[in-house]
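Residue numbers (the working numbering), protein chains in the order written: chain A, 1065 to 1366; chain B, 1065 to 1366.
These are calculated hints, taken from the structure and not from any lab test.
The structure presented is a predicted model; accordingly, all values stated were derived computationally and were not measured.
Careful, some of the hints might be misleading.
Copies of the same chain look alike in the list, so a pair counts if it fits in one copy or across any two.
[Stated by the list, open to error] Think about it this way: if two alpha-carbon atoms lie no more than 30 Å apart in a straight line, the pair counts; the simulated DSSO-like pairs of lysine-lysine are:
#, residue 1, residue 2
1, K1350, K1174
2, K1238, K1350
3, K1350, K1315
4, K1174, K1315
5, K1317, K1350
6, K1238, K1174
7, K1350, K1316
8, K1174, K1316
9, K1317, K1174
2 protein chains.
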Amino acid sequence: MSEAGAIRNLGEIMAAYRGLVDAALERWLPPAGEPPRTIHEAMRYSVFAGGKRLRPLLALFGCEAVGGTLDDAMPAAVALELIHTYSLVHDDLPAMDDDDFRRGRPTCHKVYGEAIGILAGDALLTHAFQVLGDSAGVGIPAERRLQIIAEIAAAAGSAGMVGGQTMDIQAEGKALDPETLLTLHSKKTGALLRVSVRVGGLAGGADDAALACLTRYGERLGLAFQIVDDILDIEGNSAEMGKTAGSDLRKKKATYPAVFGLDASRRESIRLLEEAREAVQPLGEKGAVLAALADFVGNRRS
Amino acid sequence: MSEAGAIRNLGEIMAAYRGLVDAALERWLPPAGEPPRTIHEAMRYSVFAGGKRLRPLLALFGCEAVGGTLDDAMPAAVALELIHTYSLVHDDLPAMDDDDFRRGRPTCHKVYGEAIGILAGDALLTHAFQVLGDSAGVGIPAERRLQIIAEIAAAAGSAGMVGGQTMDIQAEGKALDPETLLTLHSKKTGALLRVSVRVGGLAGGADDAALACLTRYGERLGLAFQIVDDILDIEGNSAEMGKTAGSDLRKKKATYPAVFGLDASRRESIRLLEEAREAVQPLGEKGAVLAALADFVGNRRS
Chain A
1065 MSEAGAIRNL
1075 GEIMAAYRGL
1085 VDAALERWLP
1095 PAGEPPRTIH
1105 EAMRYSVFAG
1115 GKRLRPLLAL
1125 FGCEAVGGTL
1135 DDAMPAAVAL
1145 ELIHTYSLVH
1155 DDLPAMDDDD
1165 FRRGRPTCHK
1175 VYGEAIGILA
1185 GDALLTHAFQ
1195 VLGDSAGVGI
1205 PAERRLQIIA
1215 EIAAAAGSAG
1225 MVGGQTMDIQ
1235 AEGKALDPET
1245 LLTLHSKKTG
1255 ALLRVSVRVG
1265 GLAGGADDAA
1275 LACLTRYGER
1285 LGLAFQIVDD
1295 ILDIEGNSAE
1305 MGKTAGSDLR
1315 KKKATYPAVF
1325 GLDASRRESI
1335 RLLEEAREAV
1345 QPLGEKGAVL
1355 AALADFVGNR
1365 RS
Chain B
1065 MSEAGAIRNL
1075 GEIMAAYRGL
1085 VDAALERWLP
1095 PAGEPPRTIH
1105 EAMRYSVFAG
1115 GKRLRPLLAL
1125 FGCEAVGGTL
1135 DDAMPAAVAL
1145 ELIHTYSLVH
1155 DDLPAMDDDD
1165 FRRGRPTCHK
1175 VYGEAIGILA
1185 GDALLTHAFQ
1195 VLGDSAGVGI
1205 PAERRLQIIA
1215 EIAAAAGSAG
1225 MVGGQTMDIQ
1235 AEGKALDPET
1245 LLTLHSKKTG
1255 ALLRVSVRVG
1265 GLAGGADDAA
1275 LACLTRYGER
1285 LGLAFQIVDD
1295 ILDIEGNSAE
1305 MGKTAGSDLR
1315 KKKATYPAVF
1325 GLDASRRESI
1335 RLLEEAREAV
1345 QPLGEKGAVL
1355 AALADFVGNR
1365 RS
């Protein structure tokens, strides 16, 4: 298949899989009418806000790339999206990034108040682990499921995502050296993206060699994703992104272009995505969707 | 053994087990010097703030009551204390209860700032599940460990503790009917106390009959604990409690004495603790420590 064909095909696959992820989220989240209603409404308001579902897609693609089924990876896919959503809800709070809009809609705490914003994030994070712990209808071995839980928690916690958010807050208004910026990025967004592909592989029964391919892919893709994000914040169109372009600059956020310059950032993202594609070549045809997704990340506009 | 003897003995057991829990927390929390330091310092500041470790003790006692060992229940004990601590850190935030002091010390966000307060809570909650998922050296079956994870998450999430906190915030300044107050209490503090005894039992290999005894005990003890808490807030000594007595009244919190009166509350707590003691009688001598703990909860001054 030509590269353009693969990418056109990828768009259809992504749309179809997003539909499956949304259906699973719908099924596994408590109903909005369940008391106390406010917390369940707030959880759903944030989850169904038009996200790209990148982390679930990485888990599902990673699972299929090693011969697993979509059902094998769906609990992890759902948990990853719940954790990603909670991190956005807490990030938007007044004490954190203080954002009123996300994806073109008022943020959770603007609609439900700050206390419910905090609690909705807490509930989403907790529910992720309930989904992972709950045994109903999952065919993969219990030991593997425990490993998936431990890996996701490690990637989301103080050594991963929360650690990156801590660094991000402490870095505001400061000039960062390149090494610190790379550590910040690898923790703040890289760790969860990387673990998404990995736990997909674990759910699909990956052996050590295949898991190493997926891990290398996830690392490269995760860093490239953040660099592209930083570039889009400078060059992007506010309407397409659903948030205000240039907000990193105004908030004096540590970004890749700020430290390395725009041209070097573009070159680095291209290099990383090339490495990501190479990393999944040993998986053969089954890894082609992951390779195509690397192109998608490089070409994204929002 | 006489009742007074059992209670004196209980004090020694509690002190010894608290020491073991603290050692496990010390071992399983990331070191304070681990970068980013601020988040790890804030996590430890809140965990090592002189808590009673009631939830870990319930898990350890519940496990021994069905013939399990302390090692079997220690991961759950640690996870429960991390979750309890995170809930206090977030509860104290300005947007929630806005408390400057807890147990006689400045609260986490007063020391580290509001953003780190939010993130430290997030990290503690996440770390709880990392401890539960991590396989190292635990002898209980993987399926049981998944059940423990699912039950703890359910008790801590929007149907349990977070749901209770949501109700609590929405109830401030309102007169609650008795049924709503009981639901609020059973979610806010009851669910985590109840699950603490249950997962101790699960870790210890309890059969259905023993688990039913522990569940009944945990339910009664959990509700009694909250009623005694409410009474202490009215009658207690601020110095002994490490927080300001009467704060529920000032914050117009929904409390048991406010709805049922002080005398009826006292009678109800005595009745519930008697039922708790009865619930563990079928477990024989091994359940005696749990029975003694019910007396301790009834007699506590802080």
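Hint check:
1. K1350 x K1174: Close neither inside one copy (43 Å) nor across copies (52 Å); limit 30 Å.
2. K1238 x K1350: neither (44 Å within a copy, 59 Å between copies)
3. K1350 x K1315: neither (42 Å within a copy, 59 Å between copies)
4. K1174 x K1315: Result: close both inside a copy and across copies, 19 Å intra and 24 Å inter.
5. K1317 x K1350: So K1317 and K1350 fail the 30 Å test inside a copy (38 Å) and across (58 Å) alike.
6. K1238 x K1174: both (29 Å within a copy, 23 Å between copies)
7. K1350 x K1316: neither (42 Å within a copy, 60 Å between copies)
8. K1174 x K1316: both (23 Å within a copy, 25 Å between copies)
9. K1317 x K1174: both (22 Å within a copy, 24 Å between copies)
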